[in-house]
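Take the given structure of chain A and dock chains B and C to it, following the hints.
Spelled out from the first residue to the last, the chains are:
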Amino acid sequence: MTDKTAGGDVRLAGISKHYGSFTAVHPLDLTIPQGSFFALLGASGCGKTTTLRMIAGLEEPSTGTVSLGDSEVTHLPPYKRPVNTVFQSYALFPHLNIYENVAFGLRRRGIKSVKKQVDDMLELVELGQFAQRKPHQLSGGQQQRVAVARALINHPQVLLLDEPLGALDLKLRRQMQLELKRIQTEVGITFVHVTHDQEEAMTMADTVAVMNGGRVEQLGAPAELYENPKTTFVANFLGTSNLIEAEVLEAGGSDVTVSSAGATLRLPAARCSTTPKAGGKLLVGVRPEKMSLVHADEEDTVAAGRNKVRGTIAASSFIGVSTQYVIDSPVCPELEVYVQNIERDARLAPGAEVVLHWNPEHTFGLDAAQDIDAGIETVEEGA
Amino acid sequence: MTATAAPPVAGTVTEPPVHKASLRKRLVPYWLLLPGILWLLVFFVLPMVYQASTSVQTGSLEEGFKVTWHFQTYWDALTEYYPQFLRSLLYAGTATVLCLLLGYPLAYLIAFKAGRWRNLLLVLVIAPFFTSFLIRTLAWKTILADGGPVVEVLNALHVLDVTSWLGMTEGERVLATPLAVVCGLTYNFLPFMILPLYTSLERIDTRLHEAAGDLYARPSTTFRKVTFPLSMPGVVSGTLLTFIPASGDYVNAELLGSTDTRMIGNVIQSQYLRILDYPTAAALSFILMAIVLIMVTIYIRRAGTEDLV
Amino acid sequence: MRWLRRNLVVIFGLGTLAYMILPNVVVTVFSFNNPAGRFNYAWQEFSLDAWKDPCGVADLCGSLSLSLQIAVWATIGATVLGTAIAFALVRYRFRARGAVNSLIFLPMAMPEIVMAASLLALFLNMGIQLGFWTILIAHVMFCLSFVVAAVKARVLSMDPRLEEAARDLYAGPVQTFARVTLPIAAPGIAAGALLSFALSFDDFIITNFNSGNTVTFPMFVWGSAQRGTPVQINVIGTAMFVIAVLVVLVGQTVGNRRKNAQPK
Numbered sequence: 001m002t003d004k005t006a007g008g009d010v011r012l013a014g015i016s017k018h019y020g021s022f023t024a025v026h027p028l029d030l031t032i033p034q035g036s037f038f039a040l041l042g043a044s045g046c047g048k049t050t051t052l053r054m055i056a057g058l059e060e061p062s063t064g065t066v067s068l069g070d071s072e073v074t075h076l077p078p079y080k081r082p083v084n085t086v087f088q089s090y091a092l093f094p095h096l097n098i099y100e101n102v103a104f105g106l107r108r109r110g111i112k113s114v115k116k117q118v119d120d121m122l123e124l125v126e127l128g129q130f131a132q133r134k135p136h137q138l139s140g141g142q143q144q145r146v147a148v149a150r151a152l153i154n155h156p157q158v159l160l161l162d163e164p165l166g167a168l169d170l171k172l173r174r175q176m177q178l179e180l181k182r183i184q185t186e187v188g189i190t191f192v193h194v195t196h197d198q199e200e201a202m203t204m205a206d207t208v209a210v211m212n213g214g215r216v217e218q219l220g221a222p223a224e225l226y227e228n229p230k231t232t233f234v235a236n237f238l239g240t241s242n243l244i245e246a247e248v249l250e251a252g253g254s255d256v257t258v259s260s261a262g263a264t265l266r267l268p269a270a271r272c273s274t275t276p277k278a279g280g281k282l283l284v285g286v287r288p289e290k291m292s293l294v295h296a297d298e299e300d301t302v303a304a305g306r307n308k309v310r311g312t313i314a315a316s317s318f319i320g321v322s323t324q325y326v327i328d329s330p331v332c333p334e335l336e337v338y339v340q341n342i343e344r345d346a347r348l349a350p351g352a353e354v355v356l357h358w359n360p361e362h363t364f365g366l367d368a369a370q371d372i373d374a375g376i377e378t379v380e381e382g383a
Numbered sequence: 001m002t003a004t005a006a007p008p009v010a011g012t013v014t015e016p017p018v019h020k021a022s023l024r025k026r027l028v029p030y031w032l033l034l035p036g037i038l039w040l041l042v043f044f045v046l047p048m049v050y051q052a053s054t055s056v057q058t059g060s061l062e063e064g065f066k067v068t069w070h071f072q073t074y075w076d077a078l079t080e081y082y083p084q085f086l087r088s089l090l091y092a093g094t095a096t097v098l099c100l101l102l103g104y105p106l107a108y109l110i111a112f113k114a115g116r117w118r119n120l121l122l123v124l125v126i127a128p129f130f131t132s133f134l135i136r137t138l139a140w141k142t143i144l145a146d147g148g149p150v151v152e153v154l155n156a157l158h159v160l161d162v163t164s165w166l167g168m169t170e171g172e173r174v175l176a177t178p179l180a181v182v183c184g185l186t187y188n189f190l191p192f193m194i195l196p197l198y199t200s201l202e203r204i205d206t207r208l209h210e211a212a213g214d215l216y217a218r219p220s221t222t223f224r225k226v227t228f229p230l231s232m233p234g235v236v237s238g239t240l241l242t243f244i245p246a247s248g249d250y251v252n253a254e255l256l257g258s259t260d261t262r263m264i265g266n267v268i269q270s271q272y273l274r275i276l277d278y279p280t281a282a283a284l285s286f287i288l289m290a291i292v293l294i295m296v297t298i299y300i301r302r303a304g305t306e307d308l309v
Numbered sequence: 001m002r003w004l005r006r007n008l009v010v011i012f013g014l015g016t017l018a019y020m021i022l023p024n025v026v027v028t029v030f031s032f033n034n035p036a037g038r039f040n041y042a043w044q045e046f047s048l049d050a051w052k053d054p055c056g057v058a059d060l061c062g063s064l065s066l067s068l069q070i071a072v073w074a075t076i077g078a079t080v081l082g083t084a085i086a087f088a089l090v091r092y093r094f095r096a097r098g099a100v101n102s103l104i105f106l107p108m109a110m111p112e113i114v115m116a117a118s119l120l121a122l123f124l125n126m127g128i129q130l131g132f133w134t135i136l137i138a139h140v141m142f143c144l145s146f147v148v149a150a151v152k153a154r155v156l157s158m159d160p161r162l163e164e165a166a167r168d169l170y171a172g173p174v175q176t177f178a179r180v181t182l183p184i185a186a187p188g189i190a191a192g193a194l195l196s197f198a199l200s201f202d203d204f205i206i207t208n209f210n211s212g213n214t215v216t217f218p219m220f221v222w223g224s225a226q227r228g229t230p231v232q233i234n235v236i237g238t239a240m241f242v243i244a245v246l247v248v249l250v251g252q253t254v255g256n257r258r259k260n261a262q263p264k
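Chains as they are written, first to last, in full-length UniProt numbering: chain A, 1 to 383; chain B, 1 to 309; chain C, 1 to 264.
Among the clues, some could well be false.
Claimed, not checked - The list that follows gives simulated cross-link-like pairs (lysine to aspartate or glutamate, EDC-like), each with its CA atoms no further than 16 angstroms apart:
# : chain 1 : residue 1 : chain 2 : residue 2
1 : A       : 281       : A       : 371
2 : B       : 25        : A       : 59
3 : A       : 80        : C       : 163
4 : A       : 112       : A       : 100
5 : B       : 25        : A       : 60
6 : A       : 277       : A       : 367
7 : A       : 115       : A       : 100
8 : A       : 230       : A       : 371
9 : A       : 281       : A       : 297
Calculated from the structure, these hints are not laboratory results.
The following block holds chain A by itself, in its conformation from the complex:
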C-alpha cells in the first residue's frame, strides 16, 4: 500500500471554527505524525468532529491552515484532498450495491479497471461474497467494514474515522477495534480517529488528544495521559480519579508534602502539573486501583512511608475480578478503591472502619483553581 515515507505529517496551524458567535474549535496547533494512529477524544460537542471535518475539507476553518506533508490544503475541496473518511453511521450509498460503493472513489478519479482492486479490498475486509448486496441487507459490523474498504481503496494519505464504532454493540466494537488496529499496522496509513469512548481511544491509538470545550486539554500516549493527567478534566474523563483538596505544607524539594483533614500526604514534585507553593492549595489525585485497603484494626501492618487516609466503607460492589469500594473519608466524601479479589477480608463490609494506603509515587498533583468535577458527567454519558 502507501509508502511509509510518502505523504508526511498532518499539520494544523492555528485553525479554529466559529458558527456565528459560537466557537466550536478554539485556535489549535496540532501535528499528527505520518503513520500514527491518532485519537481525538472528548464528549459530544467538544469540537473533535469539527476538527476532523476541517482536515477532511468538509468544513472550512474560520482561521488557520491545514497542511498534508509539504502542501497546504486549507482551501481545497474534499474531492481534491488525498484524505478519506469513514463516516459516523457509515453513510453508505443506499442506491448502490457493496461493489459499487467500494468502487465509487476509484471511478470518480477516472480509473477504468477497478475490478481487481475492489475484489482485493472486499477480500481484505472479508466481504467478498456480499459484493452484489445493497447496504441495508448487511449487518452493522459488515456495513462498518464496507465503509472502511470504501475509504481505504483510495490509498489516502490520511484516513479519518468519525466515531466509526459508535453504532455497534459492545462485543462487536471490541472485535472491530482490534481489526482496525490490524489494518492500520498493515497499511501504515495515518489514522485520525474521533471518539467519545476513552477505552476505545486508549486501546487503539498511539497518541490521544483529549478535547474539551473546543480546546485540546492534553495530548500524549495513552499511558502517559492516564498516569499523569494535567487537568481535572483529563483525570476524570480518562478512567476514574480520586481528587483530594489539600493544603501545601512543604514544597521545593523532590517531594511535596500536603495536608488534608489531618492526614499528611506526600507526592513527587515532578508529578505536579503546577508549581506548588507552601501555604497554597493543591488537588492531590490517585487512581482507585493504586490504593490498598485494610481494616482499621490492622493499621500497624501498613508499611512506613506510604500515604495513609482513614475512612468508613459506604458501599461495596463485587465485580468478579475486583471489588469496588466507596469510602467515606474526612479528606474526600466518596473515595473509590478497586481491590483485586485475591484474599477477601470478610470484615470489609459497609460500615467498617478502614485505612487506605498507597505509594506516594502513585500520587499526582493538579492546580486547585479548577473545577474538581470537570469531565465526570461526560464519562457516565459516554459509557
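Below, chains B and C alone, put in the same frame as chain A:
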C-alpha cells in the same frame, strides 16, 4: 508520547488569517430559488394585486374599467350574495365532517386491520383519481336519478323523510337538492381526507395500543386517549385539504344541484365568465379568500399544528 | 353481536370504499350503454359502439391530446422549478426562508377559484390572449407547491453525510449531484411529478377561467354536461382507469420480484 507530537496547544498560536465563505457559494440557494419564486410572484402574487385593483374599479365592459377606490363593491357583493357565502360554508363544512366520519374508519382499517390487503386497499382508494373527476361526478347523476334504486331504498328506509325535514331534500327527489351537492362534495374530497389520515395512523406504533390495554384502557378508551390524539396531524391536514377546495367548488353545485343550491363559486364563475362584472367577481373572490384564510388560521392555532408543509 | 362489534370498523371502512368505487363502476357500465337521447344517464341497452369508435365524437380526442400535452409540459416545468426550490429550502440557510415557505404554502391553502379568478384578472389586464400558454402557466403555478412538498419530504429524510461521503470520495459538485443526490431524491421527485401530472391533467376550475376558447379534456366533459354526454366520455374514463390500475399493479409486481430476486 511520540517524539514528533506537537507541543501542547496553549500560547503558541500566531495570528492566523481569517477565511470567509466565497460569495459564489453563498449565492447558490438564491439561484435555485429564483426561477420558481419568480414564477409564483408573477403568476400568484401579482394576480392577487391585479385582482385587488380590479375589485375597486368601476366602469363597464364597453367603456373600460378604472380604479376609483370604490370599496362599496365589497359591501354590495356581501349583502347581495351572503346566502351563497353561508351556503358554501355550510355545504363545505358538512362535507368535511362527513369525509372525516366516513374516511376515518377506512383509514383505520387500512392502517391496522388490512394486513396483506393493505396495498390493494390503498390502490383502490387512489384508483378513482385516474378517471377524470368530472366524469365521476356526472356518474352521480345516474346513481341519484329520480326513481332509481338508490332513491327508492332511501325512501323505503324513511331516510328521505329525515333529510327533507332537515331541508336537505325535497319530496322523493335527491338530485338537484342540497343533499346531492353535499354528497358529491363528500365523494370528491374523500381521498384528500383518507390519505393524510392513513399516513398519520400508519406511523403509530401498535405497541402503544397494547401498552394502553395493559394500563387498563378499554378499546374505546384506547381510541379516545391514544389513537385519536396521535392521529391529530392527519385530521388537521385532512380537514383542511377537504374544506378549502370544497368551499370554493362550483362543479358539484352546477352538475348535481339546482339554482337553489348555488354556492359562492358558482357566483364568482358566472360573474367572471358570463356576466363579465369583473369588480364584483374580484371582490367576491377576495372575500372568500379572506374568510377561508381566517378560518384556517384560527383552526390551525386551535389544533396546534403549525408545520403542515 | 360480538362479531359485529368487533368488525364494526371493517364494515364501515368497506362501506366507505364502496361509496368511493361506485361511480367508477357506473362509468364503466355506462360505457357499454346505447342511450336513447343526447344524455347518457339512464340505462338503455348493451352496445359496443362507443368502444369501437372512441374518437367518434368531434373534438373529444383532440381535447384529450391537448390535456396530455399540457400535463406533460406542466409536469416538466413544475418538477424542475419545484425541485430546485425544495433543495434550496432543505440544504441551505438563507434570509427570507420563512417568506419563501409561506409563499409555497399559500397556493395550497387557497380555494382554487381564487387563484383562477386572480390569474384571469392578470391576463385580462395585461391583454394576454387566453389559450394553451395561459393554461400551461397556470398549471405550472399550482403544481409547483405540491412538487416542493413532495421533494422536500424526501430530501429532508436523506442523510446529508451521503453527499459529504461522495465529495470525500473524489466526486466534484456535479458528480455528487448526478451520482448520489439525484438518485436518492428520485422517488420524491417522481412522486411530485406524478402528482403534478394528475393535477394538471384533471384540472378543471383554473382551466375553466384561463382557457379562452381552448378545450381541454375536462373542459370538453364540462361542455358536454350541458349539451349532451356522448358514451365515448365513459369509454375514455374507463380506459384511463384500467390503464392506470394496470400500470400500478405491474409496477408493484416488478418491484416485488426485484426485491425477492436479491439474495437474503
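Going through the hints against the structure:
no.: 1; hint: A/281 - A/371; result: holds (13 angstroms)
no.: 2; hint: B/25 - A/59; result: holds (13 angstroms)
no.: 3; hint: A/80 - C/163; result: holds (15 angstroms)
no.: 4; hint: A/112 - A/100; result: holds (13 angstroms)
no.: 5; hint: B/25 - A/60; result: holds (12 angstroms)
no.: 6; hint: A/277 - A/367; result: holds (11 angstroms)
no.: 7; hint: A/115 - A/100; result: holds (10 angstroms)
no.: 8; hint: A/230 - A/371; result: holds (13 angstroms)
no.: 9; hint: A/281 - A/297; result: violated (32 angstroms)
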